[in-house]
Each structure stands twice: as structure tokens, then as C-alpha cells.
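Trainee: Whole structure, please, built from the sequences with the hints as guidance.
Chain by chain, the residues run as shown.
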Amino acid sequence: MSPVLSTALDIAFVLVMLGVVGGFVRLVKGPSLPDRVVALDMMTVLIVSFCGLYAILSGQTAFVDVAIVVAVIGFLATVALARYVERRQHRYDGSTPVTAPGAKKEPKT
Amino acid sequence: MIVEYIMAALVLLGGFFCFIAGLGVLRLPDVLIRMHASTKAGTLGSGLILIAVAIFFSDIGTMTRALATILFLLMTAPVAAHMIGRAAFRSRVPLWNTKLEEGAEEKLSR
Amino acid sequence: MADTGAEVPRLAGGPAGWVSILIPAALFAWFAQFLGPVAAGEVLLIGFDWVPSLDIRLEMMVDGLSLTFALLITGIGTLVTLYSTSYLGAHPEYPRFVLYLMAFMVGMLGLVLSDNLIALFVFWEVTTISSYLLIGFTSDSAKSRRSALQALLVTGTGGLALLAGMILLGQAAGTFSLSEILTMGDAIRGHAHYDAILVLFLAGAFTKSAQFPFHFWLPNAMAAPTPVSAYLHSATMVKGGVYLMARMTPTLGGTEPWFWALIIAGGFTTVFASVLSIRQTDIKQVLAYTTLMALGALTLFIGVGTSAAIKAAMVFLVVHSFYKAALFLMIGIVDHEAGTREVGDLRGLALKMPVTFFAGALAAISMAGIPPFFGFIGKEFLYDAGLEAETARIWITGTIFAASVLMFVAAGIAVARPFLGKLPERFKDTHEGPWTMWMGPFLLGALSLFFGIYPDIPEVWMVGPATDAVYGSDVDVDLYLFHGINAAFILSMITFAVGLVLYLAHQRLRDGLARIIAANPIKFDPGWDRTLDGLRAIAEWQTRHLQSGILTRYIFITFATFAVAMAVTLWWQDVLNFRLDVANELEGLLFKHWAVLLFITAGAILAALTRSRMTAIAALGVVGIGVALIFIMFSAPDVAITQLLVETLVVVLVAVAMLKLPHLHVRTAEPHRPHHALLAVAVGTVTTLVMVAVLQGNLDLRLTEYFNETAYYEAYGSNIVNVILVDFRALDTFGEIAVVVIAALSAYALLRGTRYGTIREDGEALRDTVDDAVLPDPAARSADGEGRA
Amino acid sequence: MNIFGMNIALAIAWAALTGEITLPSLIVGFALGSAALYLTRPLFPGSDRYFKRTFRWVRLVVTFLWELIVSSVQVVIDVLTPQHLARPGIVSVPLDVKGEMEVLFLTNYISLTPGTLCLDVTEDCNTLYIHAMFADDPDEIRRHIKEGVERRVKEAME
Amino acid sequence: MSWILATPIIIPFATAVLAFLFRHGPEGRWLSVLGSAGLLVSSIILMLTVLDEGVIAAQMGQWPAPFGITLAADLLSAVMVVITGITGLAIAIYALADVEQRKEQLGYHALYQVLLAGVCGAFLTGDLFNLYVWFEVMLISSFGLLILGGTRAQLDGGIRYVTLNLISTILFLSGVGLLYGMTGTLNMADLHGAVQEVDNPGLLVVVAVMFMIAFGVKAAVFPLFFWLPASYHTPAISVSAIFAGLLTKVGVYSLIRTFTLIFTTDIAYTHTILLWVAGLTMVTGVLGAAAMNDFRRILSFHIVSQIGYMVLGLALFTPLALVGAVFYLVHHIIVKANLFLVAGVARRIAGSTELGQIGGLYKTAPLLALLFLIPAFSLAGFPPLSGFWAKFLLIKAALEEGGYIIAGVALAVGLLTIFSMTKIWGYAFWKPHPAGLEPRLSRLSARDRAALLTPIAALAVLTCIIGLFPEPFVQFATRAAEQLLDPQTYVQTVLAAAPEAGQ
Amino acid sequence: MELLVAIMVGVLVAASVHLMLARNVLRFIFGLVLISNAANLIIFASGRLTPESPPLIAEGETTPALDAANALPQALVLTAIVIGFGLFAFALTLVYRAYQNLGTLNSDEMRVAEPQAQKPSTAGQVAEKQYIARDADA
Amino acid sequence: MMNSIILNAATRLLVSLLLVFSVYMLLRGHNLPGGGFIGGLIGSTGFILYAIAMGPKACRKALHFEPQNIAMIGLGISLAAGVFPVVMGESFFTGQWIFIGDRASGDYIPVSSVLVFDIGVYLVVFGAILTLVLALEDEV
Ligand code: NA
Ligand code: NA
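Residue numbers (our numbering), protein chains in the order written: chain R, 827 to 935; chain B, 318 to 427; chain Y, 15 to 803; chain D, 9 to 166; chain V, 212 to 714; chain U, 42 to 179; chain F, 72 to 211.
Relax, there's no trap hidden among the hints.
Only pairs whose alpha carbons sit at most 16 angstroms apart, straight line, appear in this in silico EDC-like list of lysine to aspartate or glutamate:
1. F/Lys128 to F/Glu210
2. B/Lys416 to D/Asp147
3. F/Lys132 to F/Glu208
4. Y/Lys442 to Y/Asp359
5. D/Lys162 to D/Asp104
6. Y/Lys366 to Y/Asp443
7. B/Lys424 to D/Asp132
8. Y/Lys366 to Y/Glu446
9. Y/Lys674 to F/Glu208
10. Y/Lys366 to Y/Glu351
11. Y/Lys442 to Y/Glu351
12. V/Lys574 to Y/Asp154
13. F/Lys128 to F/Glu208
14. B/Lys416 to D/Asp145
15. F/Lys128 to F/Asp209
16. Y/Lys157 to Y/Asp543
17. Y/Lys674 to F/Asp209
18. D/Lys106 to D/Glu163
19. D/Lys154 to D/Asp104
20. B/Lys416 to D/Asp144
21. Y/Lys366 to Y/Asp349
22. D/Lys106 to D/Glu131
23. D/Lys106 to D/Asp132
24. D/Lys162 to D/Glu108
25. D/Lys162 to D/Glu110
26. V/Lys574 to Y/Glu107
27. B/Lys424 to D/Glu131
28. Y/Lys674 to F/Glu210
29. D/Lys60 to D/Glu163
30. Y/Lys436 to Y/Asp359
If you want the ones that stay clear, here's a sample from chain V, every Cβ over 10 angstroms from chain U, calculated:
31. Thr483
32. Gly619
33. Leu622
34. Glu693
Worth flagging that the hints you see were computed from the coordinates, not collected in a lab. The beta-carbon is built from N, C-alpha and C at its ideal position, and this holds for glycine as well.
Mentor: Right, here's the structure in full:
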């Protein structure tokens, strides 16, 4: 591997990880649930990049397989979380205490 | 050698877009606008890096997988954005200075 | 009901009754055959190996002592079982009664005959269990149940001590065989464990024989049916302790501790019990306390240990068995026919129940120690032995004197009161009991007289050999009815005089005693309850604190145990004595490594501290991704893929589940608990330290090298991780997929098997009992066949 | 499709001829095969349509990639400049395409291209709601989508 | 050779698969009985082979030790598998009348059989990580069985059981990792030699303590037993019974196996800890039982207490003590499972397991009373039942070692055991039923009666046989203990078992 | 390198212990996920860390590269991950169902299996019923 | 059910794609990253997506078999792959290989009990995860 590519990889790693850090900060800050989901979704996409960079760095195609799997499943997680955001907000608006359903049955939505 | 430079450029550019995606998600004012950053810059960044991967290995198996990954991202990222965007709208996340078309509120919230 | 003239006498107990009589009778006959050889000084050993690897044999040692006991057990057993056919034969649980009684008899025989300490203990406990079941025979009565438990626990405590004593003795002697141990007296008495052995044996003997302060269970045990009282609690079981002390005399006896322990416990029990016997109004209780007194006396004299004392003890042992069994059976007949045992109620039954009266009178006279009855001889020997004692002569003699006087009184109370005097109206229709019932007391009473007149018979066949066996060498035993006017005889006469006076005044005496006892703060029987309550209170206190029902506390203790144990071991074993080469460790670390580290750390801390569920899930996702990055960075693509897939599924499942779960802060606001944080840090620190220490060493890579070399040639695969999974360690993988299947099935069962809402808040008790139980209404159950949906 | 199949067969034949079955050789083979088929299209009835569609697809992909890059640059600018430049709004667009796949394609396209992000499609498939970063003129956005993107997608997928 | 060692794992798994696929019909439950019988037969064949040949081992996949996974059986393993077969069959029969069809359709029999497979796997494996896997197999199927039925008490008990057991699992896993990190091997026989060459012997003790805690939770020793009394009284009786018999014993087995084969480098330290643990476990368990007023909860606490005795045997680490521990294991499994089965019948005919709510069984169900008394008095250590010999051996061992205090504790705990067994007897059997009910066995259908009482009677007979004829069992335990104290044969057999020995 | 992983494991363990000690059983589940990760890392690191060289045999070769990573712990971790997932999934459904039927996620409030201990006095009275008969004397 | 046309369309595309991809990962596992677990996990993600997008009922219908039966049959297949060598007189889980073609030249198709085992693993993981997810989805 030429020093050019190797340096570029090092820089790219730093950039990608900085991107991940940005996502992480957003994740912590929120403030809304969708913000957090967006942050997580973006992080999985960045992990795809990370895997790609690693594949080049190590010369192992195995990491491309990791990348493809991440692309597949990151989507699934996002969909599930998005549904959670959507439904949850419908069910419990705001932070008013919820009465536990142990005693009586709630109507299905 | 030229291939190395191309790859280096792709990798750097990809890394840059990834960085922008992260920064955008962090900096932009509301969730829908942040999604523009994550969806577009993120996908492009990853795509560029994957192209570099495809060039780097240049055997058919790896290239197909790298390209398949790109296609996959292109296919799923907007759908994911749609899901989050809809959820965000429906859960009434405050939007920054956003003009709402008449009737959109009800239609989108159902 | 007309007599059909059947030749075979009808027994109320049916076949069980016959069995119950024939077994002891046959055994009696069998043991009788040993009388000759034993009287000639032989010691017979008959038996076989039981658990040879533990040196345990089932072997009978027939010598004078054990044969005397065996004959008493089987002989009185026959009479008692005969008696029981009428007393209990109609009882629906009579067969069980017979079963317990036979079990008891076997236990008692085994106890006295075993040559092996451990076998002896086995039978000892058999008597404990069967007596428990017999005392609790009238299980409907709370009193019976309590008494049974009390007897069981008190004698059981002693039994366990005895077991320890036996093991120690076996260790000291190198064998469990009694016949061998009996020859090692000096070695045992000089052994370092002698004191412990003695204390443990005496604990067993004193509890079993109800010596003070373990005496209280015996009067309560009178809750048992009368034949049981007659058999167990006067003639046999309670003498198990006496037997043990007698048996161990050659081995453990003759030392100062032995002497003082026995004469103090025995003497105190004697006096104490005889005084209390006067205080009773239930005649059975009167007899129970006199039994205590007799046990005390026996203990006392075994403790004294002179040949005269042993002789006296053996005579008194036989004497007492006869009259006391007879008296218990007598009062049983009275109770059975007249419906009461209260001394205040019973009067003038002599004419209504002449045979019973006669039998009782014989026994009572023997008990009172009046010549020419066997009891007189017994008392004379006691006086003789007391007067001969080398130490504490006055105290021993005084004790026996007091006891004899009070026994005289008790005999009067037991027989004169119910049978003499004017017959009250209520007993008009009372009549004599059946022959099966009076036969026992009659025979025993008659024998008391017969042996008094012909003392040679018991002397030669029983008392003599028994005394030899206990004393450990030949003792000249010569039973006589009248031996001239000596100190013992004079004491006897004084006894009668004082006894008569006290008998006449006994009602006033009883009232006085009642007042004294009422004022006495030390009460053993309520003390027993307090002990149990205290035990239960301790148990509940402990359980309330330990098994508190608070899950977080359980978890805290579990982790705290881990942290403390690990920290202590790290320190104790001086593990952290290496020098960490930090510079070397940090060499080659790039931004991405640091970033991943920070990423995971921040994710973990966020997950731990956030109050938002969504943030928590996202933080988990972050940690999962971070760990996957580590797997990527350190060359584990398969693991990374799996980790990512699994982590995503975790997020998906949590997201689904949380649609119906409340917010983290709803009703479960976590109070800030510094000790939790402290423990968390401690556990984390300990883990890191151990890990660092482990990673300091070199790793032996034999296994990996083997896999690397054989994967391609022998397992035909290039992905070594996968080859390990499906070939080298396929069994692991198989187990693992079993976990996955079962996890899914279990979760499915949980979700499908319990529909939310089908179980009502208050439905719990209903489900747990009603669903599975067969209900009182059998019709409803049989209607739907097998009763299973 | 049999023309597409023939094209594939030609690509494989090319790769086999050159002796290396790699992706580049296949792509080259495919391109050469297409050219050959295009030249000989009178021999294959219906191949006109095939080429028209192929052309539209290629055009679609190329425009799409271009717009993805443009939109990303736009994001870069907004992210890197200190002030927020966006003037966001939510705009409805009436839809002509009906099939699920067409809608999917369209929305993906919209979401990845400058300034627009697809929020939802009404259940009757009649209206599309998009979030626009620069929503000063909703009609302009609508027109751009209807006449640019939607048309090209429809053409490619019909 | 291989098949002999593998069948106790294969048979229950195959049964599980078939029973699950036939779960909707009656075939499922009969398959379960049949499979359990097959397990028993195979375990007996295994036992006979071990008796005949000494330690046997088989390399899974023909990979030589220590590279592949070895299954190995010495006498301890073999007897544990036999006992698993016995209790497994007994409870499978009992389940015919105890488990409702609803639960069968949810996969009861599959869960049950996999549990048995996991238990057998744990007893037979010669590989530490594989042991972890079997622990998990056991654990997850026990989770499923525990909550099957889903009453509120089950859910609550389930949470306690699951949380605490998961912690133990993690500790076990981490311990395996660390031990591998020190020695580079996972094969237990190989570890026996490898631990001698560890650079930092003290660290080995640290890891040993980690294993002690992990297995300690499984074995329910002080102060890690909370999960057991919190949950064992909640599931179906069959489930309680199999748990009571087998699960904690796998923990004890693992303690014995690892602390005789691997962690013997600093006995003065580790086994002293075990001695303290043993004493405290005995006492706290039995006091817990004294505080309980429910049939099953009393029994549950007694499991804890009895585990203390077994750990005591290991802690003393003398030949006789290990004989006692082995004997105790065997005795306890039979007796404790049986007591739970009796509790189930009592509940069926008297309506509850809460002692305050039942009674009268002695008068109207004398057979059940007898069948209770045998295991109960055996548990309490009354001679001549099996429990007496177990306690005798241990107390003798303790006294021989000069452990007077621990012997005294063991004896006192025996007394308290009597106390709570008689509490059950007094309340459930002697005292009249508070509702005036006359609980009779005849209330059960003939089929149920047969299914419920046959296993109870069989186990009771077994208890009596062990009690009356202890010699062969003591001799057996002696040989087993010899193997444990001198693991050379085990080590050599495992490491030498040539891959070709497959046939 | 291993040092960093060790520290990270420590942090993960500390965080998960903190979560597991919470009264909210959902937090326990979160802690479980974290601590499983920690345990996996322990195994992984125990095999020592090797960067950028997966244990794969390249095409045409018969053994992996000389510096290839240790494959065994990877296989063990893989097994552990899947097992951990199974356990987690069950635990989650259990918590889910328990919440619905017990009406709470607060383990302090779950007192069905182990009901609040009765006041000692009452418990004593219940137990004492068996011992009603007491003789007045001795 | 999400009631999103966009998601539904994407799902339709993805399910079959993921299924094919998962089988690909399964079959190559012995030589490259992949194998039964990974394959099974990926295969199940497709149907999970299906369940989320269109509801568990539709997903069950698409599956044809009860997922828990799939899982159990998978377990049975894996067991059979381990028992087969026992029947052949070898140890439990001894790999049995048949090479169709010439291994030395690299032109061969391997058929092995190990592959059968991995297929069992695939089915187990696939079935088990779907059992779990569908049971949970039924609740939503
Ligand atoms: Na594995
Ligand atoms: Na257990």
C-alpha cells in the first residue's frame, strides 16, 4: 500500500470517527426521540464506511461482508425504532404518569 | 499508481462526507433538516468509500458485494428517512421555522 | 350379641391384633432359650456384616444385660399388645398402631442387643420415630401433636449428640464393636476425647431417660394411648437411656465426671419427680412422675457404680418394669371403663372391677415397697447400696428415702383412691374390663409377688447376669426378701410410717405444692414453647433480612460477594505484584482505537445514567456497535457480523417490547444510592485488575495452532472460526442452538400461554389451588372424566 | 427480457473469450454486446423498446448520481457555514405514478436529491409530502418533481 | 465407546424434537416417557461400562484431546447421569397426570427433555466451555419450565430466578475466558496439568474464587441462594420436583469437579472458604425453612441447607468426606424430588400447599402419609434411611478432621431439619383439615393415581433400599471419591483417548 | 492494547452493575446486555488481540497467515453472543409479561412469589396454634 | 403494521433479497465469513421487516410453516448430522465428507454432514428468532 493511500486512510478514519462522535453527541442531547433515532441511523451508515476503510487497510475482503450486513440491519433497527417513536407518542402523550395496565385491560390501538 | 491516488481521493472524500453527516446531525437546527444531512451526505460518503473498496480489491466477488452495499444503502436510506420523518412529524417534534402547507398537518398526522 | 360358641377366641383387633401378639410372644420364647447359656456366663454374638466398609455390623450381643432387657421388652410387649386389642382394636387406625408398636419393639430390641455402636444408634432412632408416631396417635388433638413433637425433638437432640459421641468413641477405640470397646475401658477413659464422648453419650442417655432438665417431655408424652404409656414410657423406651448408661459403664464409668454427672442428674430427678408426682390429679400423670423418679434412681445408682449400686439398679430396673407397666395398664382399664383418670372423681370401683383392682393392688404394693413383694427387695437393695456408697452417702440415701416415701404415697393415690370408698352414682354401670385387658396387669402384679417370694428366679436368670455385664466382672448377687434387721430394713420401716402419714395428708400436701409450684418462676414446659418460639423468631428474623423478597438486595449481595471475595483474594494471594508497562501497552494505539474506547465508555455511562428509555436503547446500540468495532479492529469479522446482527435484534426487540412498557421514571424513580454506585465501581475495578493480571502472562497457543494446521487438510474449511464452530467444537454449537430454540419456545410460551388480562389481580390464589386441586365435590370432578382438559 | 438475456450472454461470452471472468471484463462485454445489439436491432423485433428503456435508465441513474452529489454539497455548505441557511417547509405534491415500486423509486430519488426529503405518501397514493430545505416557492418544487423526477421515473419504469 | 457417552445427550434431544412436533396429540407425552426411559437405560449401560472399565472418554468429532471436545465419565459423572435418568423417568410419568394439555401444547415436553439433556451434558462433558454451554441449555429450559402456566407468582418468581442466575452465568463465562487466557486450554483434564505451569499461581486462585461464586449461585450456597427459595414454589409440581432434584446438584457437581480436578493449587485457601460457606449454607437454609409455612417453600429452603452438607464434603477434602458428598448427592436428588412430588399430590387432594390451609392427610390418605414419611425422615437423617448414611459419613469425616464445630453445626442442622419435616407432618397430615375436608386419594381418577403415585413409591423404595443396604452404595461412593482425589486416571484417560477409539 | 480493553471492560461492568442494581427490572435487562458484552470482550481479549489479520485461509493457501488472530476465542465469543441473545430475549419477554400481569416494573413492588413478611407477632401466633396445650406446671 | 406504501414496497424488494443473501452467507460460511448463525440471522431480518411493515399475520402467512416448528426441525437436522457418524461407527459429530469431483484440482463440490449441521443451525436461528419476534409482534 502506498503511503498516499495509507495516509488518506488514516485521515479518513479520523473523519469517520469524528462523524460518529457528532452522532453520539446528538444521541445524548436529543432532545426528541426522532433526533436520537436519526443519530443512531447515521452512525450505522458511518459504520459501513468504517468497515470499508478497514477492508482496505487490512486487505481482507471479509470486512466488506461486515459492511453489507451493517447496511442491511441498520435499516431494520431504524424502522423498528421509528415505529416505536410513532406509536409510543400516540399512546402516551407527554410524560403524564401512566397507570399500569395490571388492573384493567386497555383497548388495543 | 494513479489508481492509488483515485482510491486515496475517494477515501478522503468519503471520509469528509461522513464527517459532514455527523456534524450536520449535530449542528443543524431541527430533526428533519438533520435528516437531510444524514441521508444524503452519509450515503454519499459511504458510497465513495465503498467504490474505493471495489477498486482496491477488483475481484468480481468483492466488487459485486461493494456495489451491492451501495445499492442497498441507496435503497434503504431514503426509506429509513421517510419512516423517521413521518414519526417525527406525527410525534409533533418542534420544527425550526418550518412553513406548513395547509392541510398537511392533518394529512400527515392522520 | 349371642355367643356362637366359636373355639378361636375373637380378638377385637382382627388379624393385626393376632400379629401384634404373636410376634412378641414368639420373640419372648426365642430369647428365653438364651437364659441358660447367659446365666452360665456366656456372651453370645450372632450377626452379619451390614456396612463393612464403615465397620458396621448387625450383630446381637446377648449377655445378661441385653437379655434382661430383651425379655422385658418382648414379655411386657406381649401383654401390652394383648391389652391393646381391646383398648384400641376398634379404632380405625389400629393396624397403623400395631405397625408403629412393632417398629418400636424392633427398635428397642435392636437398641439393647446391638453389638455395634452405629447399629445401636440406628435402632435408638427407630424407637424415637416410632414413639413420635405413637405419642401423636390421637392426631386430632393438638396436645398429642405437641407432645409428640416435644418428645421427638428432645430425644432427637440427644440422639444426634449420641451419634457424635459414638463416632468419637469409635475413633478412639478404632472399632464400633461394643464387645471390643467394652474391653478397652482404660484406654477410652484416658483418651483425649473422653470428656467429649462422655458429655455426648450422657446427652443422649439423659434425654432419652428424661433426666432433669430434659424431663419435661415424659409427662406430656402421656397424651399417648395408655398401652403406649405402659410400654414405652415406663417399661422400655425411657429405659433406653438407662440401658446405654449401664452398657457403657465398663467403658466410660468410674470416673469423677461420670460419677458426679449421674448422681446429680439422677438424684435431682428422683426427688424432683417424686415431689411432683404427689401434685398430680390425673392418675396417669402421677404414674408418669413416679416413672421419672425411677429413672432418676436408676441413673443415680449406675452413677454410684459400686457393685452394690449396680446390683440395686438392676434389681430395681426389673422391679419397676413389672409394677409400673401393671399400674399403667390398670389405670388404662379404669379410664376405658369409667371414662376418667381424675383422682378426685374416682371412688369405690373395687367391687365393680374386682380383677383390675386386685391386679392393681398387687402392683401398687410392690411399688410401695411392702414385703413380701419384689418391690420391697428393690427398695432394700437401693437402701443397701446407698448406705454403702463411698461418696455422698447421706445424700444418696436421703434421696432414696424421700423417693421411697413419696412412692408409697403415689401407690396409695394410684390404687387406694379409685377403688376404695363409696361408689359414686355415675359409676353405677361401670363394669370389669375384658380379660385381654386385665390379663396383663394381673400377670405382672402376680409376678411382682411371685418374684418377691422366690427372688432366686430373677436373680439367677436376669439380675445376676445383668449385674455382671454392667459391672464388667462377676458380682455376687444374692436376692433375699429378709436379711435380718439392718439399717436398710429400719429405713424401710420408717419409710412406711412417714409414707402413711403423708398419704393421709396428701390432699393438703398437693395444695401446698401447687402454691409453691405456682410461685416458682422456672417452668420447663412453657420454657420449651419459648425455646421454639425463640427459634422461630430467630428463623424469621434471619429470613426476613436475608430472604427479604427485595430483588435489588439479592443482586446487591451477590455482586458484593463477588467484589469482596475477589478483592480479598487478590490481596491475600498477592496477585498484583507485577509492573505494568504502560508505554508498551499504549504503543501503536491510533485515533480510531481511542475513539472506539471513548465511544463504548460514553455509551456505557450514558446507558447507566439516562432516564430516557430511548436514550438507553440507543446507548446500548452504541455500546454494541462499539464492541463490534473492536471485533473489526482486532480481526474477527465473523464475530463482528454476529455482534451487529444480534445487537440490532436486541434493539428491535426492546423497541417492540417498550411499546407497552412504561417510562423508566414512571413510578420507579431510582433513588440515588451511593452504595450502589460504590459497588458498581468496585466490581468494575476488580474485573479490570484481574483481567490486566491475566493478560500479563503468556498465552499457550497449542489449540489454535492445531486448528490452523488441520482446518484445511482435515476439516476442509478455510474460515477457521466457522470450522471450529461446526466441526472442532460442534457440540458447543449444538448446545448453543438448543439454547436459541428453547429461548424462543419459552418466550413464546410466556407470551402465548399467559394472555395479558386473563389473570385477574385477585385470581392468583384461585389458580394455584383450585385449578389443579381436586375439590371437595367429587361429583363435579368425575363428571368430566379424567379431570384434565 | 430475452434481449436482456442475450446481452448478458454476450457479456459472458466476451469475458470467456478474454479468458478472465472478472467484473470489469463482464462490464466491458456487456457494453460491447449492447453496442452490437443496438447495431443489429432490426434483427430483433421489440428491441427498440429495450434500448429506449436502457437509455432512460442510464439517464436516470446518471442524473440521480449527479443530483446526489449536488445535494450533498448543499448540505456541506449549510453545515459548514455558521448560520443556518435553510428555509424549511413541507410541501405536498400530487402524484401520477401508481405502482408501489414506482412510488418507492420516486421517493428514494426525491430523498437523495437536493433540498428535498420525502416524508410520506397518502394511502391512496395520490399525494406526496416532502420536506424541503428551501421552501420559498412550493410551486417550483412541485414543478421540478412532477416534470423532472416523476417523468423520468415513469419513463424508465413503464 | 463414543456412543455410550453421547446417548444420554442424544436421546433426550431426539425426544425433545419429536415430542415437540407431536405436541398437539397424546403422542407427545408418551414420547417423553419413552425418551426418559431410554435415557435411563442408556445411563445404566454407561454406568455398567464405567464400573467395568474405569474412567471412559470419547472425543467428539474424533478430534484428539485437548483440541476437540471430550466427553468423559468417571463414577461420579456416571452416577449423576443414572440419577438423572431415574428422576427424569419418575417425573415424566408423574407429569402425565400433572401437566395440563395447555402446557403440553406450548412445548412442555420439549423443554423438559432439553433440560434433561443439558443436565446430562453438564455431567458428562470434559470441557470447561462446553460445561458453560450445557449450563445455559439447562438454564434456559428451566426458565421456560418455570414460567409455563404464567401465574403472577410464577412471573414474579421467574424474575428473581432469571436475574440472579444470569449473573452467575456471566461470571462463569468470564471465568472461562480468564482461565483460557492464563492456560490456553479448555479441556478440564488438560487444565489439571496446565494450572501447574501458570506464571502467577495466586491469580489462579482468584479465578478459582470466581468459579466458586458462579457455581455457588447455581448450587444455591450462602449468600447466593436467594433465587431458589424465591422461585421453586411457583411452577408446576413436576417442574419444582425436577428442579429440586437436579438443578442445584449440577452446581454442586461442578464445584466438586473443578475443585478436585483443576483448582487444587491452594487448598488451604479455597477449601477453607468452602468450609465456611458450607456451614453458613446449612444454617441459613434450615432457619429459612423453619420460618416458612408452605410445603414447597419449606422444601425449597431445605435444598439450600442440604447443599451445605454436600459442599462440606468437598471442603473437608478427605476421602471419607468426598464419599459423603457423593453419597449425599445421590440420596438428596431422589429424596428431594420425591418430597416435591408428594407435595403435589397433597395439593391435588387437599387443595393447597400452604400448611395453614390443608390437613387431615394422615387419617384419610395413609398411603400418602407413608410415602411422605419415608423421604421426609430420610431427609431429616433418620436411620435406617438413606439420609442417615449421608450425614453419618460427613459427620464422621468432619470429626476425623477435627472439625468439631462444623460437625456440631451439621448435627444441629439435622435437628432443625427434623423440626421442619415434622412441621409439615403436623400441619398437613396430622392436623384435621381446616375446612373439614377429608382428602382422599380415591378422589383422583385411577389413571391419575397411578401416574402420580407410582413414581413416588418407586423413589421411596429406592430411598429405603439405599438405607437398608448401604454397603454397595458406600463402596461405590468410595471408589468415586478415590477417582476424584486422584484424578490421574481421569486425566490420562481423557488425554489418551485416541480419536480412533470411536469404535 | 489489552490494557485499554481491560479498562473498557471495567467501565462496562461498572455501568451494568449499576443498572442491574436498579429497582426497575427493565434497567436490569439493559445491564444484562452491557455485561454480556463485557464478558464477550473478556474472552476475546483473553485470546490476545491481533490487528488486521482475520483467521482465514487465503485462497490457494493451506494455513492462515502466520500472524493470524487467535480463532478459538472468536468461536467461543460467537457462541457466547448467540447464547446471550437467547437469554436476553427470554428475559425481555419475561419482564414484558411481568409488567402486564403484575402491574409494575419496580421489583420492590413485586411481592407475589415472596409476599411481604408478616409481622413477627402474627406469624408467631399462626405457628403457635399447634402448641395450644400447655401444662401449668414444671 | 406500519401502513406505509413506501416501506411496503421496500420490504417486498428486500425480503427475497435478504433470503437469497442469507443462503449465500450460509453456504460460503465454511470458507469465508458467514455460516449458519449469520445466515439464519440475516434470513430472519427479512421476515422481521415483513412483520413490522405488514403485520405478523401476513408474515406468518408468507412463512407457510410455524416458525417454532422450523426451529425444532432445524435442531433435529443438526442432531441428525451429529448422530449420523455415530451410526457409521464414529464419534458423535464427526464430519463426514464426500467430494464430488477432484479436490486436488479445486474443481469439486463438497457434500458433508458439517454442511447439514450448518443448515440445521440456520433453520434454528431463523425459526427461533421469528418465533420470538412474531410472538412479540402479536402483542403490539
Ligand atoms: Na460454538
Ligand atoms: Na435444585
